[in-house]
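Please take these sequences and the hints and turn them into a complete structure.
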Amino acid sequence: MWDWLKQNGLSPKSFYRTSGLCLPWLTVLFLGCAGFGLIDGLYIAPADYQQGDGFRIMYVHVPSAFAAMAVYFAMAICAVLTLVWRVKLAAVCMSCSAPIGASFTFLALVTGSIWGKPMWGTWWIWDARLTSVLILFFLYMGFIALQSILAEQHYRDRACALIALVGVINLPIIHYSVIWWNTLHQGPSISQLAKPAIAPSMLYPLLAMIAAFFLFYLSVLFMRMRNQILLREKHTHWVREVVLS
Amino acid sequence: MNKHRQRKLITMMSVVLMLSLAAGLILYALKQNINLFYTPTQLIEAKVAPTQICRVGGYVKKNSVQFDASGQSVAFIVTDKQRDILVRYHGVLPNLFREGQGVVMTGQLNAEHVFIASDILAKHDEKYMPASVAKALQKIPGASAS
Numbered sequence: 033m034w035d036w037l038k039q040n041g042l043s044p045k046s047f048y049r050t051s052g053l054c055l056p057w058l059t060v061l062f063l064g065c066a067g068f069g070l071i072d073g074l075y076i077a078p079a080d081y082q083q084g085d086g087f088r089i090m091y092v093h094v095p096s097a098f099a100a101m102a103v104y105f106a107m108a109i110c111a112v113l114t115l116v117w118r119v120k121l122a123a124v125c126m127s128c129s130a131p132i133g134a135s136f137t138f139l140a141l142v143t144g145s146i147w148g149k150p151m152w153g154t155w156w157i158w159d160a161r162l163t164s165v166l167i168l169f170f171l172y173m174g175f176i177a178l179q180s181i182l183a184e185q186h187y188r189d190r191a192c193a194l195i196a197l198v199g200v201i202n203l204p205i206i207h208y209s210v211i212w213w214n215t216l217h218q219g220p221s222i223s224q225l226a227k228p229a230i231a232p233s234m235l236y237p238l239l240a241m242i243a244a245f246f247l248f249y250l251s252v253l254f255m256r257m258r259n260q261i262l263l264r265e266k267h268t269h270w271v272r273e274v275v276l277s
Numbered sequence: 005m006n007k008h009r010q011r012k013l014i015t016m017m018s019v020v021l022m023l024s025l026a027a028g029l030i031l032y033a034l035k036q037n038i039n040l041f042y043t044p045t046q047l048i049e050a051k052v053a054p055t056q057i058c059r060v061g062g063y064v065k066k067n068s069v070q071f072d073a074s075g076q077s078v079a080f081i082v083t084d085k086q087r088d089i090l091v092r093y094h095g096v097l098p099n100l101f102r103e104g105q106g107v108v109m110t111g112q113l114n115a116e117h118v119f120i121a122s123d124i125l126a127k128h129d130e131k132y133m134p135a136s137v138a139k140a141l142q143k144i145p146g147a148s149a150s
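In order, the protein sequence lines correspond to chains E and Y. For the first sequence, my numbering assigns the number 33 to the initial residue and increments by one for each residue that follows. For the second sequence, my numbering assigns the number 5 to the initial residue and increments by one for each residue that follows.
Quick caveat, the hints were computed from the structure, so don't treat them as lab data. Quantities reported herein were computed from a predicted structural model and do not represent experimental measurements. Be a bit skeptical, because a hint or two may be false.
Unchecked claim - Simulated restraints on C-beta separations:
#1 E:Ile-146 - Y:Arg-102: 18 to 26 Å
#2 E:Thr-268 - Y:Val-20: 29 to 37 Å
#3 E:Leu-166 - Y:Thr-110: 18 to 26 Å
#4 Y:Gln-10 - E:Arg-272: 35 to 43 Å
#5 E:His-186 - Y:Met-22: 37 to 45 Å
#6 Y:Gln-56 - E:Ile-211: 43 to 51 Å
#7 Y:Gly-28 - E:Leu-178: 41 to 49 Å
#8 Y:Gln-70 - E:Phe-105: 48 to 56 Å
#9 Y:Asn-6 - E:Ser-277: 33 to 41 Å
#10 Y:Leu-29 - E:Pro-56: 48 to 56 Å
#11 Y:Asn-6 - E:Leu-63: 16 to 24 Å
#12 E:Lys-266 - Y:Thr-15: 45 to 53 Å
Claimed, not checked - PhoX-like, lysine-lysine: derived pairs with alpha carbons at most 25 Å apart:
#13 E:Lys-45 - E:Lys-120
#14 E:Lys-120 - Y:Lys-7
#15 Y:Lys-12 - E:Lys-120
#16 Y:Lys-85 - Y:Lys-66
Note that beta-carbon positions come from the ideal geometry of N, C-alpha and C, so glycine has one too.
Below, the structure is given as structure tokens:
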């Protein structure tokens, strides 16, 4: 069953075909979620009783921070698939995810900083949450740097997979930093969905924006992966067919 | 899964596990350095030297904020619901500063055990802060969340 999957479902060729069919749907879904989330979040949702309209930056900050961690986790899973099973597609997915995840992390850091100045009174503070997210950003940067200095494909994939795998230790540290230590950053809100920490009228656009960020990640990932597959498989017969047709 | 791959997977998982253990031990050893601030109880019990600059975080006690005649200096009590510390501050307060609000202050204790703050940040709590204060209280041995 696994061998079959590796031959058929996970082969670059079949992925190229399937992803081409998925892409328009992903894009439409992304636009729908982002449209609803932005309009509902920026115009319809009520202003916060303490922060006024300033809280609306969370509709970008929270999804980007969430996606930044999820993308890294996806990369770590791809790293295992690359190192143990040598799944070609996993290596492609891993290397294509890195710049997207890095952008999400950067966006989370910048929006958090912009929010922090009026609310906390400072752009930046070295508390556990902010520092661990900055480390996540450096991990992404290290991954991208390593990827661009190694020329040989096979070594590059394996070396990058190691970084991705080791860096995964940082994810639980980011998540629990606000619980384990005293921080300026507030505790988690999404994991407390059971007892609403956010009013429903503010929560729904947030969920839509989180969905939009994941759909955006998938769309851009698929586009990047399709490009890289063509590049990596350029000597094969099917790529010649695709390109020349 | 063949033997070769199984062995590889186990090796890799144990490497990640060992590294997590190492990271965990380092973080545990540095616990007090990673904490951003002392709670008032921790500050009083730690007997911090008067000249040492540190951060203290807690609630602004209700009905304790007093401005002087010029309106630029403020005195208030910061509490973790166990111990209170009197704070004096001269300067601009953040917008979210109010009674009952979480604050994180940089400064030092003077000889009269008054905390002279040089910098005050508002800890945005909304609905989340009560939980984290309760957690900060739980970290203090013998303290009960009230």
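Distance restraint between E:Lys-45 and E:Lys-120, which requires alpha-carbon spacing of 25 Å or less
Judged against 25 Å, a Cα distance of about 11 Å means the pair holds.
In this structure, is the beta-carbon distance linking E:Lys-266 and Y:Thr-15 contained in 45 to 53 Å?
violated (34 Å)
Next pair to validate is E:Lys-120 with Y:Lys-7; report whether the Cα-Cα distance is within 25 Å.
holds (21 Å)
Regarding E:His-186 and Y:Met-22, is the given constraint of 37 to 45 Å on their beta-carbon distance met?
violated (26 Å)
Assessment of proposed distance window 29 to 37 Å (beta carbons of E:Thr-268, Y:Val-20)
Because 34 Å falls inside the window, the suggested range holds.
Hinted pair Y:Lys-12 and E:Lys-120, Cα distance within 25 Å:
Status holds; Cα separation ~17 Å.
Evaluate the given range 33 to 41 Å for the C-beta pair formed by Y:Asn-6 and E:Ser-277.
For Y:Asn-6 and E:Ser-277 the Cβ distance comes to about 39 Å; the hint holds.
Per the hint of 41 to 49 Å, is the separation of the Cβ atoms of Y:Gly-28 and E:Leu-178 within bounds?
Taking Cβ atoms as reference, Y:Gly-28 and E:Leu-178 lie about 25 Å apart, which means the hint is violated.
Is 18 to 26 Å a correct range for the gap between the Cβ atoms of E:Ile-146 and Y:Arg-102?
Roughly 22 Å apart at Cβ, these two residues keep to the hinted range, so it holds.
Do Y:Gln-10 and E:Arg-272 keep their Cβ atoms within the hinted range of 35 to 43 Å?
At roughly 38 Å between Cβ atoms, E:Arg-272 and Y:Gln-10 fall inside 35 to 43 Å, so the hint holds.
Can you let me know if the beta-carbon spacing of E:Leu-166 and Y:Thr-110 is within 18 to 26 Å?
At roughly 21 Å between Cβ atoms, Y:Thr-110 and E:Leu-166 fall inside 18 to 26 Å, so the hint holds.
Falls inside 16 to 24 Å, the C-beta gap from Y:Asn-6 to E:Leu-63?
violated (45 Å)
Consistency with the previously given hints fails for numbers 5, 6, 7, 11, 12, ordered from lowest to highest.
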